[in-house]
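Colleague: Per our numbering, the very first residue in the sequence shown carries number 1; after that it's consecutive.
It is possible that some hints are incorrect.
[Claimed, not checked] List time: in silico DMTMM-like cross-link candidates among lysine to aspartate or glutamate, alpha-carbon distance up to 25 Å:
1. K101 - E144
2. K236 - D141
3. K129 - E109
4. K128 - E112
5. K338 - E109
6. K342 - E69
7. K193 - E179
8. K236 - E348
9. K236 - D213
10. K196 - D217
11. K236 - E179
12. K128 - D141
13. K196 - D213
14. K129 - D285
15. K193 - D89
16. K101 - E348
17. K236 - D276
18. K193 - D217
19. K193 - E73
20. K196 - E25
21. K129 - D89
22. K338 - D307
23. K236 - E144
24. K193 - D213
25. K129 - E112
26. K196 - E210
27. K236 - D217
28. K338 - E348
[To be verified] Pair ranges (Cβ atoms, derived):
29. R269 - A120: 23 to 33 Å
30. T102 - E144: 30 to 40 Å
31. D276 - R175: 27 to 37 Å
32. A120 - E186: 49 to 59 Å
33. L212 - Q38: 10 to 20 Å
34. E144 - L204: 32 to 42 Å
35. A239 - R175: 28 to 38 Å
36. R132 - G16: 43 to 53 Å
37. P258 - T102: 17 to 27 Å
38. A259 - E69: 19 to 29 Å
39. Q229 - Y50: 39 to 49 Å
Just so you know, these hints were derived from the structure itself, not from any lab. The structure displayed is predicted, hence computed values, not measured ones. Every residue, glycine too, gets a C-beta built ideally from N, C-alpha and C.
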Amino acid sequence: MSPVHEIIRNEIVNRGTISFARFMELALYCPNYGFYEQEPDTIGRAGHYYTSVSTGSLFGELLAMQFAEWLTELPAGSPVQLVEAGAHDGQLATDILNWVKTWQPVLFERIEYWLIEPSARRRTWQRKKLERFGDRVRWIDSLESSRGGFVGIIFSNEFLDSLPVHRFGWDAQNREWFEWGVTVNEDRFVWAKIRKPGCNPALLVGLPAEFLDALPDGYTIETCPAAGQWWTSAAKALAAGKLVAIDYGLPRYELLNPARITGTVRAYRRHQLVADVLAAPGEQDITAHVDFTALQIAGEAAGLTTDGLFTQGQFLTRIAERALRARMASSNWSEAQKRQFKTLVHPEHFGGLFRVFIQSRRP
């Protein structure tokens with residue numbers, strides 16, 4: 001039994017049933033014991049899951065090519081910022097900065113690379129990997145603690161899908177919503193229905209009233225206030241440039257398909273889908289699809305313009321095509337690089353799994 005299991009159990013015993021969002025927060029982010037507080041090798045072949053970063057350096061290099069193009073559209077001469085959230089061990093930052101330093105040395109001298117990182121443990125991993133770049137790299141606890149006014153690009157890769165979500169279920173017989181909470185049965189965590197007046201997630205996600213007639217009993221949806229709040233903070237912190245999210249997710253109309261009965265929350269351990277999301281907190285990853293419509297609404301409310309939502313395959317393929325024409329990348333890729341590219345862009349691999357959402361603010 002993990003330490004975070006005991007922490008969650010004690011909270012339930014002392015306070016009663018907790019929301020799934022609280023369970024997910026503790027399971028993933030509990031200081032010292034949460035899943036993302038574990039050693040950095042939780043990602044990749046030896047870990048629990050693969051990411052675009054873990055396929056090799058090509059993902060970061062392609063992003064760097066696009067970022068360089070966007071940054072050169074900003075006023076010349078002054079510093080520009082790359083601001084990354086959810087950097088884990090700093091490998092993506094390393095790949096991006098290595099490419100810019102090699103291919104765009106003048107631009108490299110203008111770049112300030114900021115990592116948004118509240119965890120002291122993860123900062124230690126990142127500092128070790130990024131020490132070669134000296135004071136080019138800086139850290140902040142949160143966007144709220146920053147000075148704001150960033151001119152450049154604020155971005156995240158597989159960050160928003162790990163923010164805590166609330167889960168709601170539909171009671172077809174009584175035509176009412178309830179929230180899925182978590183309680184404890186002996187030493188096992190089990191689902192519990194939290195019923196409270198005014199529980200109506202349909203209003204939060206803009207679900208039409210007539211849609212309810214098509215919903216099966218137990219139909220489950222998620223809401224993620226944390227993602228919308230983070231996106232709003234990022235939009236307000238961006239004085240000029242791009243705000244980018246690369247993540248699992250869909251536009252809202254696809255997320256709310258009546259056939260998606262159990263929602264999108266999933267747990268993974270050692271590259272395997274885990275049937276029981278509540279089992280082994282702190283020892284398995286928990287994720288939920290991002291509602292890109294919610295991000296679009298939040299960003300536009302903060303004054304951003306929406307550039308579009310793309311599959312990762314579409315986004316990276318266009319970058320590669322432009323880069324090869326401009327001789328910003330070698331046309332003689334190694335076999336390893338070709339395999340990386342195929343994994344990153346193929347519709348049945350990461351190219352179809354991930355979406356890239358982009359908003360912007362003009363100088």
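Colleague: Look at each hint and say if it fits the structure.
Modeller: How the hints compare with the structure:
1. K101 - E144: 29 Å, violated
2. K236 - D141: Between K236 and D141 the Cα gap is close to 16 Å, so the pair holds against 25 Å.
3. K129 - E109: 19 Å, holds
4. K128 - E112: 18 Å, holds
5. K338 - E109: Not OK: K338 and E109 at ~30 Å, beyond 25 Å, violated.
6. K342 - E69: Status holds; Cα separation ~23 Å.
7. K193 - E179: Distance ~6 Å between K193 and E179 Cα, so the pair holds.
8. K236 - E348: Given pair K236, E348 is violated - Cα atoms ~36 Å apart, limit 25 Å.
9. K236 - D213: Violated, at roughly 39 Å.
10. K196 - D217: 18 Å, holds
11. K236 - E179: 31 Å, violated
12. K128 - D141: 18 Å, holds
13. K196 - D213: Holds, because 21 Å separates the two Cα atoms, which is no more than 25 Å.
14. K129 - D285: At roughly 23 Å apart (the allowed maximum being 25 Å), D285 and K129 satisfy the hint.
15. K193 - D89: 37 Å, violated
16. K101 - E348: With a Cα-Cα distance of about 33 Å, the restraint between K101 and E348 is violated, given a limit of 25 Å.
17. K236 - D276: With a Cα-Cα distance of about 38 Å, the restraint between K236 and D276 is violated, given a limit of 25 Å.
18. K193 - D217: 13 Å, holds
19. K193 - E73: 52 Å, violated
20. K196 - E25: 22 Å, holds
21. K129 - D89: 7 Å, holds
22. K338 - D307: 29 Å, violated
23. K236 - E144: This hinted pair holds, its Cα atoms lying about 10 Å apart.
24. K193 - D213: 21 Å, holds
25. K129 - E112: 16 Å, holds
26. K196 - E210: With a Cα-Cα distance of about 22 Å, the restraint between K196 and E210 holds, given a limit of 25 Å.
27. K236 - D217: 40 Å, violated
28. K338 - E348: 16 Å, holds
29. R269 - A120: 23 to 33 Å: Distance hint for R269, A120 holds at roughly 25 Å.
30. T102 - E144: 30 to 40 Å: 34 Å, holds
31. D276 - R175: 27 to 37 Å: With a Cβ separation near 29 Å, D276 and R175 satisfy 27 to 37 Å, so the hint holds.
32. A120 - E186: 49 to 59 Å: 34 Å, violated
33. L212 - Q38: 10 to 20 Å: 41 Å, violated
34. E144 - L204: 32 to 42 Å: 23 Å, violated
35. A239 - R175: 28 to 38 Å: 47 Å, violated
36. R132 - G16: 43 to 53 Å: Check passed, 50 Å falls within 43 to 53 Å.
37. P258 - T102: 17 to 27 Å: 50 Å, violated
38. A259 - E69: 19 to 29 Å: 40 Å, violated
39. Q229 - Y50: 39 to 49 Å: Violated, since Q229 and Y50 (Cβ atoms, about 29 Å apart) do not stay within the stated range.
Taken one by one, the earlier hints fail for this structure at numbers 1, 5, 8, 9, 11, 15, 16, 17, 19, 22, 27, 32, 33, 34, 35, 37, 38, 39, listed in ascending order.
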